[in-house]
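If you read the sequences in order, they're chains R and Y. Residues in the first sequence are numbered consecutively from 0, following numbering that gives the first Met the number 0. Residues in the second sequence are numbered consecutively from 0, following numbering that gives the first Met the number 0.
Since the hints were made in silico from the structure, they are not lab data. Be a bit skeptical, because a hint or two may be false.
[Said to hold, decoys possible] Which residues of chain R face chain Y? A partial, calculated answer using Cβ under 7 Å: (1) 1; (2) 3; (3) 4; (4) 123; (5) 134; (6) 135; (7) 206; (8) 250; (9) 295; (10) 298.
What you are looking at is a predicted structure, and each value in this text was computed from that prediction instead of being measured. From the three backbone atoms N, C-alpha and C, an ideal C-beta is built for every residue, glycine too.
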Amino acid sequence: MAERLWTAMQQQRWIWAALGVLMLWIALTALTARFSLHSLSGVAVSASFLLMPALGQMLVITTGRGNIDLSIPSVVTFSAYVTVVTAGSGPHGLWLPLGLVALASVGVGLFNAFLLLVLRIPAMIATLATGYVLATATLLVNARVGIFQRPPLLTYLATGRVGDLPVMLLIAFLVAILVGWLVSRAAYGKHLSAIGQNIVAARYAGVPVARSIAIAFTTSSLLAGFTGMLLAGYAGGAFLEMGTPYLLQSVGAVVLGGTLIAGGSASVLGTFFGAFLLVLVVTTMQIAGMPAGTQDILQGLIIICVLSVAGGRIRHRAT
Amino acid sequence: MLATLQGIAKSYGDTRANKDVDLAIDRGEIVGLVGANGAGKSTLMRVLCGVTEPDAGAMTFDDAAIDFSGFSPQSARERGIRIVWQELSLSPNLTVAENFYVEQPQFARTTPFWLANYRRLASEAIDRIFPGAHIPTDRLLADMTIVQRQMVEIARAACDPALKLLILDEPTSSLGAERSQQLRSFVRDIAAAGISVIYISHKLSEVLSVSDRVIAMRNGAIAWEKSAADACVDDLVNAMGGAGAGHGRIPSHEAVGAAAQGPVRVTISGSWLSGGCADPVELRAGEIVGLAGLEGSGQKELLQALFGTRRSDGLERQETVRYVSGDRQVEGVFPLWAVQDNVLIGRVAGWAGWRSVRTAAHMSDIEEAAGRLALDHERLHSNILDLSGGNQQKAIVARALLDDAGIILLDDPTRGVDIAAKRDFYRVVREMAEGGRLVIWLSTEDLEFLECDRVLVLSDGRIAAQLSGEAISEEAIVTTSFAGQEAASGTGTARDRSRVLSALLKAIPFISLVLVFGAMSYQNPLVASSFGLQLLLTPAVTLVLVALAQMFIVGGSEIDLGVGFFCGLVNVVSATVLVTSPGLGLGVLAALVAAYALMGLVIQARAIPAIVVTLGASFIWAGLGQTIQPSPGGSSPDWLRAIFSIKVPGIPTPLLIVALAGMAAFAIDRSPTGTILRAFGSNALALRRAGWSQNRYAMLRYTIACGFAMTAGLYVTASNGASDINAGSSYTLLAIAAVVIGGCQLLGGVIAPLGVVAGAITLALIGALLASIGVSTDYNAAVQGALLIFILALQALAGWRNARG
Chain R
0 MAERLWTAMQ QQRWIWAALG VLMLWIALTA LTARFSLHSL SGVAVSASFL LMPALGQMLV
60 ITTGRGNIDL SIPSVVTFSA YVTVVTAGSG PHGLWLPLGL VALASVGVGL FNAFLLLVLR
120 IPAMIATLAT GYVLATATLL VNARVGIFQR PPLLTYLATG RVGDLPVMLL IAFLVAILVG
180 WLVSRAAYGK HLSAIGQNIV AARYAGVPVA RSIAIAFTTS SLLAGFTGML LAGYAGGAFL
240 EMGTPYLLQS VGAVVLGGTL IAGGSASVLG TFFGAFLLVL VVTTMQIAGM PAGTQDILQG
300 LIIICVLSVA GGRIRHRAT
Chain Y
0 MLATLQGIAK SYGDTRANKD VDLAIDRGEI VGLVGANGAG KSTLMRVLCG VTEPDAGAMT
60 FDDAAIDFSG FSPQSARERG IRIVWQELSL SPNLTVAENF YVEQPQFART TPFWLANYRR
120 LASEAIDRIF PGAHIPTDRL LADMTIVQRQ MVEIARAACD PALKLLILDE PTSSLGAERS
180 QQLRSFVRDI AAAGISVIYI SHKLSEVLSV SDRVIAMRNG AIAWEKSAAD ACVDDLVNAM
240 GGAGAGHGRI PSHEAVGAAA QGPVRVTISG SWLSGGCADP VELRAGEIVG LAGLEGSGQK
300 ELLQALFGTR RSDGLERQET VRYVSGDRQV EGVFPLWAVQ DNVLIGRVAG WAGWRSVRTA
360 AHMSDIEEAA GRLALDHERL HSNILDLSGG NQQKAIVARA LLDDAGIILL DDPTRGVDIA
420 AKRDFYRVVR EMAEGGRLVI WLSTEDLEFL ECDRVLVLSD GRIAAQLSGE AISEEAIVTT
480 SFAGQEAASG TGTARDRSRV LSALLKAIPF ISLVLVFGAM SYQNPLVASS FGLQLLLTPA
540 VTLVLVALAQ MFIVGGSEID LGVGFFCGLV NVVSATVLVT SPGLGLGVLA ALVAAYALMG
600 LVIQARAIPA IVVTLGASFI WAGLGQTIQP SPGGSSPDWL RAIFSIKVPG IPTPLLIVAL
660 AGMAAFAIDR SPTGTILRAF GSNALALRRA GWSQNRYAML RYTIACGFAM TAGLYVTASN
720 GASDINAGSS YTLLAIAAVV IGGCQLLGGV IAPLGVVAGA ITLALIGALL ASIGVSTDYN
780 AAVQGALLIF ILALQALAGW RNARG
């Protein structure tokens with residue numbers, strides 16, 4: 000019995016993140032009076048904002064060979080700025096920024112894919128360079144920032160509630176379910192997993208390799224773009240460092256959730272719990288009154304430690 | 000007896016690779032070892048040369064008992080055991096001489112000209128075995144043909160003066176008849192001198208002709224053994240796994256007749272044809288068409304071209320294709336999946352992404368396909384890696400059977416497959432053709448062409464001859480394969496072009512440095528003065544140092560995303576703790592070096608992508624810096640400032656530091672240690688097997704990088720007299736850009752210290768140049784990012800990304 004449980008926990012790696020969430024939550028509730036159901040909903044909203052880019056990062060990481068999307072923070076910030084500059088306060092004020100953000104994100108995703116697939120530049124360098132170009136674009140938009148006319152619909156989506164549940168949480172749920180279905184039930188998930196395990200074999204098996212990878216990068220940018228937009232709605236504005244936390248945390252949520260860093264195996268449930276766990280950890284550190292420096296150190300340590308324990312190798316039998 | 004093995008047993012999971020193997024080898028004896036793949040030969044050899052520790056058993060060598068727990072590849076080599084691996088284990092990014100160093104490090108002396116010894120050693124060793132081979136010892140292995148590489152590989156192992164036992168695992172797989180003959184006479188020569196040899200080959204007649212004694216393995220045990228003089232090829236075939244392997248099938252005439260009627264599926268014309276065949280070659284449904292020729296004559300290229308596009312230069316195909324590769328690990332299996340999913344992907348691959356997939360619904364089809372290959376249904380739920388090589392191959396063939404494709408492309412599908420599986424396989428191929436498909440079959444085993452209706456013999460990338468029906472015979476194939484060879488002249492033009500582009504790319508950092516510097520001097524002549532240089536180069540020094548740190552990491556095909564913040568952290572520590580309490584400060588800096596080495600170890604030992612670890616580490620560095628010093632400030636220790644303001648008359652100090660750093664990096668790269676670091680960047684497995692510790696060199700690599708990054712941080716302190724944790728953050732991307740512009744390859748293994756120095760200075764000057772012509776600093780990041788992309792695109796054009804392997 001114990002052995003079977005152990006095997007299950009090794010195969011269903013999301014269980015670890017879920018356990019982490021549970022334990023941390025219990026500890027927080029027991030130890031601090033300040034941590035109430037109300038602050039849990041704060042955690043849920045933060046986790047929802049993290050979950051969307053993390054799911055995109057998960058798709059990119061699953062394509063394997065060390066692929067990673069480092070342009071996520073720049074896309075988040077850029078989209079937030081685009082939203083702030085172009086939104087109108089009327090009932091239709093959301094459509095222009097929505098269209099622009101979607102267009103820009105798809106453009107960034109396709110450009111990343113182009114660098115990777117056509118010019119064969121490693122994903123990390125390609126997305127890093129894209130991010131820097133985008134940072135300049137953000138600086139240019141920043142020069143034109145006026146008063147943010149927040150569209151009511153955006154305000155509702157980012158800060159509203161349905162009953163007790165934040166709308167943002169529902170949005171994140173919906174996205175997670177959609178991505179989850181795509182990854183574990185649809186042909187695209189098979190394609191992605193095959194590519195991540197063995198890209199040469201995937202090509203010979205007839206998998207549309209380039210298209211699948213391009214979709215992963217585009218989805219990642221698109222989710223980051225929408226996150227930036229909603230974040231602008233939530234914060235009521237944009238600032239230059241807005242996307243920065245999402246660099247480490249999007250990778251962190253994916254890694255904590257048990258998605259293989261080597262690619263080939265994605266877990267949406269894991270990323271879901273991973274995002275929650277990471278946000279809980281950050282919240283705990285804030286409640287404990289840790290300085291920002293210490294919080295950074297701990298986040299970095301957690302991710303390295305989890306990775307060291309999980310290991311990055313796809314199982315290969317020696318012959 | 001030179002070596003004895005007793006009761007050797009080794010299991011991998013359920014598979015017993017070796018069970019109770021006894022083997023004794025006399026001094027000066029040549030033992031031929033044969034067996035189907037998976038028979039346990041390779042495992043036994045790995046035990047013998049210290050790569051694999053057996054579960055049970057004993058070994059003696061040279062009259063001394065061997066303790067397996069302490070028996071490493073290193074200690075095997077020290078005792079005089081050398082092996083030539085089946086898959087070549089050379090480092091393509093090293094020269095021939097450097098490759099000899101990797102295998103025979105004992106001759107290295109600590110002089111700057113240590114490599115000269117190895118040039119001499121290499122050319123002598125190669126000439127001794129393969130007279131007249133004339134292999135230039137300063138050429139990179141990547142620029143050599145497979146034949147040359149195999150000769151280097153053999154000579155490299157055999158040149159050890161302390162050699163006592165030489166193991167040759169498929170040494171002649173790429174060699175022609177003459178070279179193979181030379182090797183065999185060399186083997187007999189060294190055996191006469193008292194050196195023992197184990198000769199493993201699938202070329203059975205070759206084994207019989209060279210060996211004193213022949214041993215056949217089967218299912219992990221020794222099945223048969225005999226003096227070579229008393230054995231014949233049929234004996235060996237029987238001993239290895241049963242009869243029938245050597246006997247060809249004569250295609251029935253009805254089948255050939257029917258094939259000729261089928262619709263045309265593939266038309267080959269144009270540049271694929273040599274002068275000999277003027278008419279386009281038409282391949283029809285129902286045919287089995289073999290692709291023959293010497294290795295590397297264009298068979299694989301033709302198969303790939305057919306798979307790639309429906310219509311390309313000289314090729315036209317009508318139907319959908321399936322591709323079955325015999326290189327299972329690299330081109331076939333999906334290691335995380337069960338067998339059933341490995342089969343099902345053949346159907347699902349072509350589906351639109353949103354279509355729902357339920358494995359259960361396809362189970363009966365999967366079982367049917369597996370059944371046709373005699374693959375046990377029980378095994379469908381196992382992970383594919385739990386199957387033997389032959390069964391893995393069956394799963395990959397089943398993938399192609401799942402749905403009707405008009406054309407099946409087979410790329411040496413029976414490589415390393417046992418004889419029983421081969422027979423199942425031949426039957427299925429015949430069934431496929433009878434079912435109206437066109438089968439195009441590349442094989443490296445000439446006997447298999449007897450299964451074909453028609454054989455296209457390629458030579459120098461063109462179809463030199465066609466054989467069909469009864470004209471197909473081993474002799475005919477061999478004759479026609481070699482026929483075109485004399486006419487074949489060098490195909491160097493394409494390679495020459497990429498070499499020109501490569502040379503250009505290596506010159507880019509220096510050219511652009513001259514251009515940028517020229518532009519700045521033109522704008523302001525003071526720039527070229529000693530004072531101007533001092534002023535301009537001061538900010539460049541940091542970048543040069545950080546870039547050199549990044550370069551060593553990139554040399555191991557990794558990227559350090561934390562190097563900028565690390566530089567900032569060293570800056571903070573040296574401007575605060577080091578000032579107030581020097582002892583503690585030095586302690587902290589030493590701890591940081593240790594942390595870097597540890598990071599290298601974690602990345603290596605746990606196989607985690609460096610990018611994620613260093614990203615995490617960058618937060619640790621930044622957090623530490625912020626904790627030590629929340630806001631910019633501090634001061635520089637006086638002694639530190641004194642060190643970094645050394646003066647040589649006539650040379651501005653920053654220029655001097657840059658030159659020293661560049662020379663240091665160059666010296667490290669060219670040293671024996673640097674050679675091994677480079678070698679690890681491209682072929683780590685081979686290095687491990689040669690007895691080099693990957694963990695140790697990973698730690699060393701990160702320690703060297705840390706040294707440069709730390710010097711950068713100290714320099715910032717000395718020159719600014721203050722610290723700021725964010726001071727270094729912008730250097731991370733800049734350093735990567737400098738490394739790329741400098742001519743290093745991101746895949747690792749190729750680094751260029753002087754180019755990186757020039758590239759880093761150029762990048763630092765570009766910022767100043769943009770500022771001096773009035774471009775807003777907002778654009779700096781974009782310019783740097785765009786420049787990085789541009790250079791990488793040029794490298795891609797030069798084909799650098801494919802240079803590996």
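Hint-by-hint comparison with the structure:
1. 1: violated (21 Å)
2. 3: violated (16 Å)
3. 4: violated (20 Å)
4. 123: Holds - the Cβ of residue 123 (chain R) comes within 7 Å of chain Y, reaching about 5 Å at its closest.
5. 134: At 5 Å from the nearest chain Y Cβ, residue 134 (chain R) passes the 7 Å test, so the hint holds.
6. 135: holds (3 Å)
7. 206: holds (4 Å)
8. 250: holds (6 Å)
9. 295: Cβ of residue 295 (chain R) sits 3 Å from chain Y, so the hint holds.
10. 298: holds (6 Å)
This entry does not satisfy hints 1, 2 and 3, going by the numbered hints stated previously.
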